[in-house]
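**Q** Chain residues, written in single-letter form:
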Amino acid sequence: MINKNLQSINVNPCKMCMPMGAALAFKGIENSMVLMHGSQGCSTYIRRHISTHFNEPIDIASSSLNEKGTVYGGEENLKKGLKNLLKLYQPGVIGVITTCLAETIGEDIVRMVAEFKREEEINDLAMIPVATPGYGGSQYEGYYLTLRRIVEELATAQSRQSSPKINIITGNLTPADIRKIKRILNLFDFNYTLLPDLSETCDAPFSADYKKIARGGTTIKDIEEMGTAVASIEFGFLVDDNLSPAWFLEKEFAVPLYRLPLPIGLKNVDSFINLLSRLAKKDIPAEIMAERGRMLDGMIDSHKYNAEGRAAIFGEPDLVYALTALCAENGIFPAVVATGTKILDLEKKISKLTDNFTEEPIIIHQADFAVIRKHVQQQGVNLLIGHSDGNFITEKDDIPLVRTGFPIHDRIGAQRELSVVYEGSMRLLDKITNTILQAKHNSYRQDLFERYYLPVKGGGKHVFG
Amino acid sequence: MIRSSSIKALEERKGFIITNEKTVEKDIKCNEDSLAGVVSQRACVYSGARVVLNPITDAYHLVHGPIGCASYTWDIRGSLSSGAEVYRNSFSTDLGEKDIIFGGECKLSLAIKELVERYQPELIFVYSTCVVGVIGDDLSAVCKSAEREYGIRVVPVQSTGFAGNKISGYRAACDALMDLIKENNNPAEEKEGINILGDYNLAAEMWILQGYFQQLGIKVVAKFTGDSSYQEIKKAAKAKLNIVQCAGSMGYLGKEMEKEFGIPFIKVSFFGIKDTIDSLRKIADFLGDRQLKDRVEKFVRKKSVKVKQELEFYRQRLKGSRAAIYVGGGFKAISLIKQFNDLGIETVMVGTQTGKKEEYREMKELSKEGTVILDDANPSELENFMKERGADILVGGVKDRALAYKMGIAFCDHNHERKHPLSGFEGVINFAKELDMTINSPVWQLLRSDLND
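If you read the sequences in order, they're chains W and V.
Following full-length UniProt numbering from start to finish, the first sequence increments by one per residue and tops out at 465.
Following full-length UniProt numbering from start to finish, the second sequence increments by one per residue and tops out at 453.
Calculated from the structure, these hints are not laboratory results.
Using N, Cα and C, we set each Cβ at its ideal position, and we do this for glycine too.
It is possible that some hints are incorrect.
Claimed, not checked - Not the full set, but computed from the structure, chain V residues with beta-carbon under 7 Å of chain W: (1) V38; (2) A43; (3) C44; (4) V116; (5) Y119; (6) L123; (7) D138; (8) A163; (9) I167; (10) K399; (11) A402; (12) L403.
Just chain W, with the same shape it has in the complex:
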């Protein structure tokens, strides 16, 4: 496995920072707002990044630390910021997260938040401090750490529900993906809690009465009851136990943990559906079986085209893992598998997926796009799968990109992309196959002409294009 980080310079990042992940996690909590303790730029850049992906207004407050706050401590700014945020938004939850600046000057946000609650006599508002220095990891760690902190703060062993629930820790999925997972859970008649749930908050229907904080998201009540669930399914296949909310629920409340890959790709979806069937003690509903059958049918239809695919897959670790599985089971060789995040056992897990190929994939963690591009060229990759920053390679080397993951900035509709369960996996696979087909159709006439045509003496030259 290659670790790009042996170099001192990152050229075109394939990762974002921890506060980004924290902001995304809180976006899936009902009636929540985030205040970033740091300088004004962090919240503004992160807002822009999230907003242009989902095409939704994303409001993130900042304590707007300046020089004075940095030298003498930012407590005053933080408390003032919280007060203003309460007045403007009346949230039910506030995520108080730090940035590079706050962590470096040693701000104790846990104490400050506790003090603030006491001073302002706040009882009915959940305030969750999370330490997310931008240099502490990527958005992936920030995301899971935040979910972990939310659960640590709120989950209890008390339930007001009569029928037991299951917890699903969703990865960084699209709103359409999350809606799909809900439909599947409903087909099994599950009572469930999804954490986080961006299905409405980041894909809000148009409504005449615009709300500053979008409706939807996981409720506090549901999070409080997570300690009483019969099981937790966590789609964080590569998450460290220390960052895992479901691992905490198992240790603290003995809620059995099932860690699964994202339900993308036939085998990964099978694991999810079979587990649900087992937990529900029910047969798999006919509707789901039909979906599975259609996926198999589609996989057969496209297998020969897929065999010509040599893919480079990049992005967040769990998505990269699942996409590699989808490619591998469909005969697309995952020639380059890369994530910007530090994942030490990435190679072990990825190489299990690619046993059926005669070649070994290049597996890179802590990757940047300069390194990814180098291997894309060396490996003869003809297909890129990942977020829109991969367009950097498309533009230079003319290799098509199938956009999936976060962020997608140069296309519309990221929030509506469906890639989970059988239906979504098949849609994504179709997109991949069609991209291979398009490239083939665009070039095969000329390719074959150049390879096999012998010019006839005195004959005219064939002109293409």
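Using the hints provided, position chain V relative to the given structure of chain W.
**A** For chain V alone, coordinates are given in the frame of chain W:
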């Protein structure tokens, strides 16, 4: 009598929001620190510096800091290049926990070394970020020693994120530019031509200006910083005149260059027919060449007749609409109000992130009684005032687009991501066309019944 706006804003924000009452002489509060917790639209010092220097197309922009700062600014602006593409990369020292504890200077030196070995750069900008300011890395020392070692320019940009606001970042960038300009200053050399300051060649806007000057026989020495290069910037001290478009970002450089090299500057704007004509005349007047003045008159007559005809079509389709403006700098807000006036569109709200007092006075002058004027606004205020004043369209930054759409309001991307030019005579038509595409979209008809429920 126009009633004062029923200001739905926090007490501490009230001085930053005024309603245009022509008889009341009251200045807006501006150019102050953002209020914590209210979701200001502003960014940081680093962002200001990065946007100004980024269009220097052959420079290596190395962000010394944790990855986020480089990640969120990687190739996000629509600044075009006729030559090098280096500026479209994002280089970062990607500082980690250890670097924060033990200091980042060593990693910075290694990063510069790697840049030199891998790419043979001639010019590197090294940007400071929040943490670097706190841990106290000596950027200047590292850059200086790298310059000595590799014989290239390694220019520190003192853009520690929290140390001021975007305007401080503009200054840091201008200081870095001055550093380069001074390098080749030769006072004995005869002065000729102009420098263009404050145009970033978003969607070819600089090229449009350059085209005009070429047709008019005005030599352009250096461009700051749209489609610019190291070699070009080094020549800037020999220009006769600096024309400054975006005064917010480049006014400071104009003043510094006047002090240092005795090059006078004039403020110009190429947004809207009238501003474009006025600016070309101002330049000709300054250069004082009779023939040039004639050429300008002929040029603007030919151009404006055609544009005015085309514009009439759009004016008919747009007049009577109500516009809200929330942009970065005062210069752009002012030119937008003028363009809206030309099109028969009323500006009902106007605000900026970094406008100055005199710019706000001009906005008041240009807009009607009752227009809400606001500094460093936030989404809650934008929402309130757009609703209250019945705006049909918002012109703003990328972050505001989703808000406008969610409110069922049209949107004009007069921001750094735009992919069609909005300046010069060509831009006038593009602007009107974009307004027409959004304001007169059939989508709003479908929403109307929902919105009126």
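**Q** What are the numbers of the hints the structure violates, in ascending order?
**A** Numbers 4, 5, 6, 7 and 9, in rising order.
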